[in-house]
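**Student:** All chains should be modelled from the sequences, with the hints used to inform the complete structure.
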Amino acid sequence: MADPNGGGEKQTYVEEGTQFKGSLTSSCPIVVRGKVEGDLSAPSLTVSPSGAVRGQVKVGEMKSQGELAGEFDADVVQLSGTVKDNTVIRAKSLEVKLQPAEGRMQVIFGECALEVGDMPSKEKEPGTKSGKKKKDEEPGTENPGV
Amino acid sequence: MPDFTADVILWKIKRGEKIDRADLRGIQMQKAVLDGASFRRCDFEGANLEGVRLAKANLKNASFREAYLAGADLREANLDNADLEGANLEAAMLAGANLGRANLEGANLSGADLSGARLTHAQLDSANLAGAKLSGAILSHADLVECDLGIAQLDKADLTSANLESANLEEASFVEANLSEADLREVNAKGAKFGGASLHRATLAKGNFTGADLANVDLRGAKLDDAKLDGATLTGAKISGVMASGASFANLRADWADGSPDGNGRNRVTGADVVAATLMGKVTTPVATKRYFGKGDVLRNASLQFDEGASVEIESLFEQCSIALGQGTELVIGAEGTLSGCQITGAGNITIHGKFFERASPGIAGASQLIVTSGGALVGAVEQPEGATRFAFEPGCRLRMKITQKNGKNGRQ
Numbered sequence: 001m002a003d004p005n006g007g008g009e010k011q012t013y014v015e016e017g018t019q020f021k022g023s024l025t026s027s028c029p030i031v032v033r034g035k036v037e038g039d040l041s042a043p044s045l046t047v048s049p050s051g052a053v054r055g056q057v058k059v060g061e062m063k064s065q066g067e068l069a070g071e072f073d074a075d076v077v078q079l080s081g082t083v084k085d086n087t088v089i090r091a092k093s094l095e096v097k098l099q100p101a102e103g104r105m106q107v108i109f110g111e112c113a114l115e116v117g118d119m120p121s122k123e124k125e126p127g128t129k130s131g132k133k134k135k136d137e138e139p140g141t142e143n144p145g146v
Numbered sequence: 001m002p003d004f005t006a007d008v009i010l011w012k013i014k015r016g017e018k019i020d021r022a023d024l025r026g027i028q029m030q031k032a033v034l035d036g037a038s039f040r041r042c043d044f045e046g047a048n049l050e051g052v053r054l055a056k057a058n059l060k061n062a063s064f065r066e067a068y069l070a071g072a073d074l075r076e077a078n079l080d081n082a083d084l085e086g087a088n089l090e091a092a093m094l095a096g097a098n099l100g101r102a103n104l105e106g107a108n109l110s111g112a113d114l115s116g117a118r119l120t121h122a123q124l125d126s127a128n129l130a131g132a133k134l135s136g137a138i139l140s141h142a143d144l145v146e147c148d149l150g151i152a153q154l155d156k157a158d159l160t161s162a163n164l165e166s167a168n169l170e171e172a173s174f175v176e177a178n179l180s181e182a183d184l185r186e187v188n189a190k191g192a193k194f195g196g197a198s199l200h201r202a203t204l205a206k207g208n209f210t211g212a213d214l215a216n217v218d219l220r221g222a223k224l225d226d227a228k229l230d231g232a233t234l235t236g237a238k239i240s241g242v243m244a245s246g247a248s249f250a251n252l253r254a255d256w257a258d259g260s261p262d263g264n265g266r267n268r269v270t271g272a273d274v275v276a277a278t279l280m281g282k283v284t285t286p287v288a289t290k291r292y293f294g295k296g297d298v299l300r301n302a303s304l305q306f307d308e309g310a311s312v313e314i315e316s317l318f319e320q321c322s323i324a325l326g327q328g329t330e331l332v333i334g335a336e337g338t339l340s341g342c343q344i345t346g347a348g349n350i351t352i353h354g355k356f357f358e359r360a361s362p363g364i365a366g367a368s369q370l371i372v373t374s375g376g377a378l379v380g381a382v383e384q385p386e387g388a389t390r391f392a393f394e395p396g397c398r399l400r401m402k403i404t405q406k407n408g409k410n411g412r413q
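Protein chains in written order, with our numbering: chain H, 1 to 146; chain F, 1 to 413.
Don't take each hint at face value.
Stated by the list, open to error - Mimicking PhoX-like on lysine-lysine, the simulated pairs with C-alpha atoms at most 25 Å apart in a straight line are:
(1) F/K12 to F/K56
(2) H/K21 to H/K58
(3) F/K406 to H/K97
(4) H/K58 to H/K92
(5) F/K12 to F/K60
(6) H/K97 to F/K156
(7) F/K295 to H/K122
(8) H/K97 to H/K58
(9) F/K14 to F/K60
(10) H/K84 to F/K406
FYI, nobody ran anything at the bench for these hints, they're computed from the structure.
**Tutor:** Next comes the structure, spelled out in structure tokens:
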């Protein structure tokens, strides 16, 4: 599964047509063009449009254009493609670009949960135009239904 | 008789000599290799230079009147202020060439590659540019009167203030080109593609744009009087300030157009008939009903309804409020705005720069579009309508968000 193209930075590939079940831990970035089901841990994960990942994932960075299902913990997430039902994405930073009104949907979200960044507080915070930030932000009491 | 024979020229070039200001009229140098040579102010009138290689040559102020340069390689050549009137440059390679202020009146450039070439203030009137490649070329202030640009490719070209009066643009491609303040009166642009181009303050009067693709073009302030746009596509075009008296719009294809003066999409005109009527001045472009709730205001336990086309901006604190949005209503929660314990329903477009905290789940239901920008925060559930919500999240946004589906179709396992 290691870099099929030879040179350059080593990457772990799960190629199109490959289905992987089980636990995968890598010190190299993982690129999924096939299907992965299980636990996955790596510095980064790239899921191509043909790729699908289902399971528990812990990575530094995640870029997905494919299909995600399960629990995903990452520092930075760039998302397009599909997020299936019962999926949880936790990240410090999430980016989803807006598609033109007539274009294809950038992301199709199923019934899922997104936990991104610090817990927002109703109080004024530092770094925002509206106030100064507390050092350790109080996770607000407001989180109904989530 | 030319000052030099072809052999002498080749010998001089080989020695690295410049051949400036020479009289080379009528010289025969087909397929000669002259890359990088200097022929400044030389006179090549009537010369046969078919297939000659002059890439990166210095041909500034040279004259090629009536010269035969078909298939010549002039890539990145400097032809600044050169005289190419009546020259035959069929299928010549001129990518990246500098033709600023050059005289190409009546020249044959059919099938030539002028990608990225500089043609500012060039004279191209009555030139034949049919099928030419001009993508990314700079043609600002160029004179293209009565020239033939049929099926030419001008994607992302800069034609600012260019004069294309009575030119043939049939089936040409101007995708994302800049035609601001250009003169396109009486052009034949049947089936031409202008998708995403800027025609801001351009003159298109009496032009024939039958079947042309004008989707997402910026037509603000353009003059379309007596133009023919039958079967044209105008979806997403910016149309504020267009003058189109006497224009025809039969079978116009326009799901919507943007009537806002600053082209920000906040004032949509929906439906081809309404777009056509708006363009012809029979319907005044509706001005979006704008509501603004300023910083420092507090609104509690209120129920608010904003109809279709309205534009709402909130910089205040809203507590325990219900907001109903009409189709396409723009709701912006400003950086200073907080909606605490609130609920938003309806097919509006919501942008959150500030904060939103839901009251009951779902806090947001049926939105067409939801954007949370880098300073924005959202705590609550979002119920997508049947057609799904278009989401955008900028890095830096904070979310504790549950996404649900009204009929549970999306993302089913």
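**Student:** Taking 25 Å as the top limit, are the C-alpha atoms of F/K14 and F/K60 close enough?
**Tutor:** Status holds; Cα separation ~20 Å.
**Student:** Compare the distance between the alpha carbons of H/K58 and H/K92 with 25 Å, and conclude whether the hinted pair is satisfied.
**Tutor:** holds, 13 Å
**Student:** Given the hint that H/K84 pairs with F/K406, does the C-alpha gap stay at or below 25 Å?
**Tutor:** Since the Cα atoms of H/K84 and F/K406 sit roughly 15 Å apart, the hinted pair holds (cutoff 25 Å).
**Student:** Has the given pair, H/K21 with H/K58, been kept, meaning a C-alpha gap of at most 25 Å?
**Tutor:** At roughly 16 Å apart (the allowed maximum being 25 Å), H/K58 and H/K21 satisfy the hint.
**Student:** Are the Cα positions of F/K295 and H/K122 separated by 25 Å at most?
**Tutor:** Between F/K295 and H/K122 the Cα gap is close to 15 Å, so the pair holds against 25 Å.
**Student:** Run the distance test for F/K406 versus H/K97: straight-line Cα separation, threshold 25 Å.
**Tutor:** Judged against 25 Å, a Cα distance of about 23 Å means the pair holds.
**Student:** Going straight from one Cα to the other, do F/K12 and F/K56 come out at no more than 25 Å?
**Tutor:** Given that 25 Å is the threshold and the Cα spacing comes to 17 Å, the pair holds.
**Student:** Please verify whether H/K97 and F/K156 have alpha carbons no more than 25 Å apart.
**Tutor:** holds, 23 Å
**Student:** When you check the alpha-carbon spacing of H/K97 and H/K58, does it fall within 25 Å?
**Tutor:** holds, 23 Å
**Student:** Does F/K60 lie within 25 Å of F/K12 when you go C-alpha to C-alpha?
**Tutor:** holds, 19 Å
This entry satisfies every hint, going by the numbered hints stated previously.
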